[in-house]
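Turn these sequences into a full structure, and let the hints steer you where they fit.
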Amino acid sequence: MSLMSLTALELGKKIRERETSAVEAAREALDQIKKVDKTLNCFVTVDEEQALHRAEEVQKKIEAGELTGPLAGVPAAVKDNLCTEGLRTTCSSRMLEHFVPSYTAEAVRNLENAGAVVIGKSNMDEFAMGSTTETSYFGPTRNPWNPEHVPGGSSGGSCAAVAAEECSFALGSDTGGSIRQPSAFCGVTGLKPTYGTVSRYGLIAYGSSLDQIGPIGKDAADCAAVLEAIASYDRKDSTSMKRDSYDFLSALDGSAEGLRIGIPRDYFGDGLNGEVKERILEAAKALESKGAVLEEFDLSLVEYAIPAYYVIASAEASSNLARFDGVKYGYRTREYEGLHNMYKKSRSEGFGPEVKRRIMLGSFVLSSGYYDAYYLKALKTKALIKRAFDRAFEKYDMILGPAAPTTAPKLGESLGDPLSMYLGDIYTVSVNLAGLPGITVPCGTDGRGLPIGMQLIGDCFQERKILRAAHAYEQTRAYSRCPMAAKQA
Amino acid sequence: MANMISDETMEYVGILAKLELSQEEREQAKKDMEQMLDYIDMLNTLDTDGVEPMSHVFPIHNVFREDTVENTDEHEKMLANAPSAKDGAFKVPKTVE
Amino acid sequence: MSKQYETVIGLEVHVELATRTKIFCSCSTEFGGAPNTHTCPVCTGMPGSLPVLNRQVVEYAAAVGLATNCTINQYCKFDRKNYFYPDNPQNYQISQLYEPICRNGYVEIDTPSGPKKIGIHEIHMEEDAGKLIHDEWEDCSLVDFNRSGVPLIEIVSEPDMRNADEVIAYLDKLRLIIQYLGASDCKLQEGSMRADVNLSVREAGSSKLGTRTEMKNLNSFKAIARAIEGERERQIELLEMGKAVVQETRRWDDNKEASHAMRSKEDAQDYRYFPEPDLPPVVISDEWLQEIRARQPELRSEKLIRYKKEFDIPDYDAQIITGSKKLADLFEATTAICKKPKKVSNWLMVETMHLMKEHGMEPEDLRFSPENLAALIDLTDAGTINSSVAKDVFEKVFLENVDPERYVDEHGLKMVSNEGELRSVIEQVMAANPQSVEDYRSGKEKAMGFLVGQTMRAMKGKANPAMVNQILKELL
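From first to last, the protein sequence lines stand for chains A, B and C.
When the letters of the first sequence are read in order and numbered with the numbering used here, they come out as residues 12 to 500.
When the letters of the second sequence are read in order and numbered with the numbering used here, they come out as residues 67 to 163.
When the letters of the third sequence are read in order and numbered with the numbering used here, they come out as residues 13 to 488.
Note that these hints are calculated values from the structure, not bench results.
Take the hints with a grain of salt, since some may be wrong.
[Stated by the list, open to error] If we take Cβ atoms under 7 Å as the criterion, some of the chain C residues that face chain B in the derived model are:
#1 T51
#2 Q68
#3 V155
We treat Cβ as the ideally placed atom computed from N, Cα and C, and that holds for glycine.
Dropping the structure here:
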């Protein structure tokens with residue numbers, strides 16, 4: 012049995028109990044990367060030497076009793092939009108192909124303080140814009156369940172790497188579903204925490220008011236443990252929130268007793284694939300069997316979330332990505348005449364089509380004469396969506412629904428039609444608009460063997476509740492390894 | 067299609083965003099943008115009269131630093147990523163005529 | 013010129029605040045330093061960096077607002093102003109558009125036709141840009157971000173000014189208020205105070221505003237006055253020729269005494285403002301506002317009243333001294349030590365002014381300490397040195413801030429009042445100048461002055477002048 016088939020907590024325990032070591036674990040992860048990553052392309056950068064060196068250091072500290080946490084010595088992948096000092100951070104863009112940050116993102120620093128060993132930087136949609144990880148400058152990541160299919164996105168590299176057992180867990184970021192949707196497509200568990208729970212310092216911004224870093228693991232317990240490690244109040248991030256408690260693991264008691272779960276009828280309408288719908292409703296039943304109380308209700312405003320989201324996210328992105336101009340870092344075109352030509356050529360050559368599309372849209376909706384009609388309208392819509400959730404959480408502890416309307420599409424199917432790709436975000440974006448926590452839990456596969464994920468949405472700061480429900484649900488079915496990983500082992 | 071984006075608008079947005087699209091890219095981008103804006107126009111069917119626009123989802127305020135110097139000089143690390151540098155500064159094409 | 017024209021002027025004044033650190037990061041705001049040595053990921057726009065607001069910036073901005081009769085916006089927010097330029101590391105500037113910290117204020121200026129209120133539309137907080145150094149050798153520009161992120165307030169006036177004199181009076185008033193508050197040193201030459209002039213002309217009597225232009229790069233009061241005159245003439249000339257004034261930004265070249273348009277196809281001037289998602293709003297509670305109000309120092313008008321009451325110095329002196337925060341501080345501190353307000357005022361009004369003029373200095377450039385001026389006054393009063401020596405010693409104090417007591421000691425400048433010593437010197441002087449002695453005795457009073465002068469010269473200026481006079485008279 013490979014160490015990489017274990018959950019992060021199981022592996023951490025073995026390392027603590029000296030059954031294995033951080034170095035052995037790192038070696039196995041690196042071996043698995045060598046075996047499968049030519050096919051899957053989950054990683055943009057793997058620094059083998061650095062990872063092993065780091066694993067040795069961690070092992071010494073474990074032996075010296077300086078590191079005693081559950082993640083000490085456990086190999087992790089970090090999405091390539093999180094800055095890592097001395098390790099290149101590309102956002103899967105030509106723009107940052109050679110960018111080496113001078114500092115490490117707060118979340119990664121917290122993770123390293125917990126003793127996790129970062130083995131590489133995982134592939135993503137360029138600047139986190141996309142739902143398939145096909146917009147990466149470094150080529151698409153493939154779905155370990157079926158390499159003909161996409162892993163979802165934008166944290167596709169992180170989720171696929173966890174599913175393919177190239178690491179024990181990973182960090183992703185979620186602006187409109189970028190942790191939850193690929194987790195569903197890859198059959199792993201992914202959590203998007205309440206806005207402000209994990210510091211965004213060092214996360215290369217896409218939509219600042221929506222971005223949130225979160226864990227991706229094999230199960231809810233791993234996600235809870237990683238969240239405990241990375242969540243912190245950070246004075247360097249002015250939107251960071253001081254939480255009353257950073258204890259999440261203790262919420263997992265195997266039961267869903269007493270949880271009131273709302274099932275929004277508007278999440279189960281025409282757009283939802285039949286098999287996905289079936290699996291999700293079965294999962295809901297399973298939760299009921301664990302003690303939860305289910306009730307259908309109308310959430311309302313669901314169809315307005317995507318247009319509001321794309322206005323806000325594109326507008327913020329157009330501003331956030333303005334800094335990539337060929338002056339301080341990143342790509343600069345070879346030949347240019349004067350300053351503005353240098354700007355235009357560097358940016359046009361450095362960014363891919365999807366990024367340019369969103370920057371253009373964002374610049375347009377903010378331009379003179381359009382601000383009220385688009386941006387302000389979107390902010391008002393956001394307020395109404397938040398209210399709709401507030402009303403729902405007066406009655407329910409959480410909302411249960413799909414993470415995506417379908418299972419993973421084939422490579423190349425989505426890019427030609429951006430709008431329909433955007434529509435795939437219908438169940439995820441409203442959570443970001445309202446700043447809520449959401450978790451995706453695998454709940455079976457479709458007829459083609461592609462994973463399906465159930466999404467649980469909690470009220471703000473209620474990660475404990477959704478983690479508890481996710482964990483309770485896991486008690487009703489075993490974790491399914493993807494065929495590729497099962498075969499390798 | 068309800069929204070029609072002119073070539074002038076595309077050029078104007080290109081100036082704002084500092085992007086220069088090829089003819090082909092521009093045609094595609096125009097089409098995509100029109101399609102997106104048509105879709106976004108759906109927001110107009112939602113009555114938002116009297117709704118306060120929400121930019122920050124949580125009502126936090128007054129997050130401050132105290133006025134004390136903490137940073138140290140790390141300009142060499144910073145300049146290591148510069149596409150072009152000279153004398154400790156970032157080098158750019160001449161900015162005055 | 014057949015028609016009469018009226019000039020309408022509004023100002024946008026940028027003031028660098030005197031905080032120790034930048035507005036959104038803990039880098040030093042210290043002026044100078046090798047390029048980029050006062051920078052960090054935040055003020056160089058590194059990917060992933062985030063701003064955190066310096067509390068002191070809010071306090072200074074609110075203090076300036078209170079002192080200029082503004083309403084403080086107790087719920088204010090930051091917005092992003094988007095434009096590309098290499099000195100702007102993120103290619104957006106964090107500023108305030110929708111909810112600035114202060115609104116609807118005014119300051120009062122003196123004009124030949126009496127006091128006049130100049131309205132303040134708003135004051136907002138924002139970050140300064142870096143500096144571009146133009147490298148002629150390599151035909152490129154170099155970017156230094158040391159100034160990037162230094163806190164600014166922008167004070168936007170109403171278009172209430174009608175000529176250069178009013179503009180200068182307004183700027184003087186603002187500068188004085190802000191210096192009094194300690195919120196900035198407001199040096200135009202060093203760029204810690206910068207003014208952009210919005211100017212339009214209209215036919216006299218018209219109530220409609222003409223098309224305005226905005227002029228930048230005005231580094232001194234003189235440049236501002238010249239630029240206003242130049243722009244007024246340019247616009248009138250255009251109108252007289254039947255042409256329209258184009259709304260545009262123009263750059264003043266003080267050497268050429270002319271301005272040119274800064275327009276380019278690539279500057280759309282469409283800033284796409286939107287609320288800064290990385291910074292939560294600032295809420296200034298009544299309590300906090302009260303604290304800021306309570307900390308407001310005494311401003312000039314209050315000082316004037318107090319000086320008259322407390323120190324009994326001439327009105328004119330009080331006006332001049334309170335006309336500079338630095339002079340007022342020096343005056344008060346020195347007076348507190350030596351308790352001789354009239355003498356302190358006198359030294360400031362006469363010798364200090366004289367030397368400042370001689371050395372081309374502003375009050376802010378004064379470097380001598382109140383302790384040393386007080387000591388000098390005491391030395392003179394005690395008769396330790398005479399007044400002509402005092403002037404020489406003061407020059408040393410003024411230039412090098414020397415300790416006057418030690419200086420007098422080391423250079424043996426103490427006044428000689430020893431009668432025997434004086435008498436013997438005077439006798440020698442009389443012996444050497446028999447003609448003058450003769451002249452005096454034959455009624456030529458003027459000869460007395462010559463003899464006193466010769467005595468002082470022989471004594472290297474240190475003789476007690478009263479005693480010299482007395483002894484001379486006696487011997488003659």
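If you take the shortest Cβ to Cβ gap from C:V155 to chain B, is it below 7 Å? The hint holds - C:V155 has a Cβ within 7 Å of chain B, the shortest such distance being about 4 Å.
Verify the interface restraint on C:Q68: the C-beta must sit less than 7 Å from at least one C-beta of chain B. Constraint on C:Q68 satisfied, holds at 4 Å.
Given C:T51 as an interface hint, is the shortest Cβ-Cβ distance to chain B below 7 Å? holds, 6 Å
In this structure, none of the earlier numbered hints is contradicted; all agree with it.
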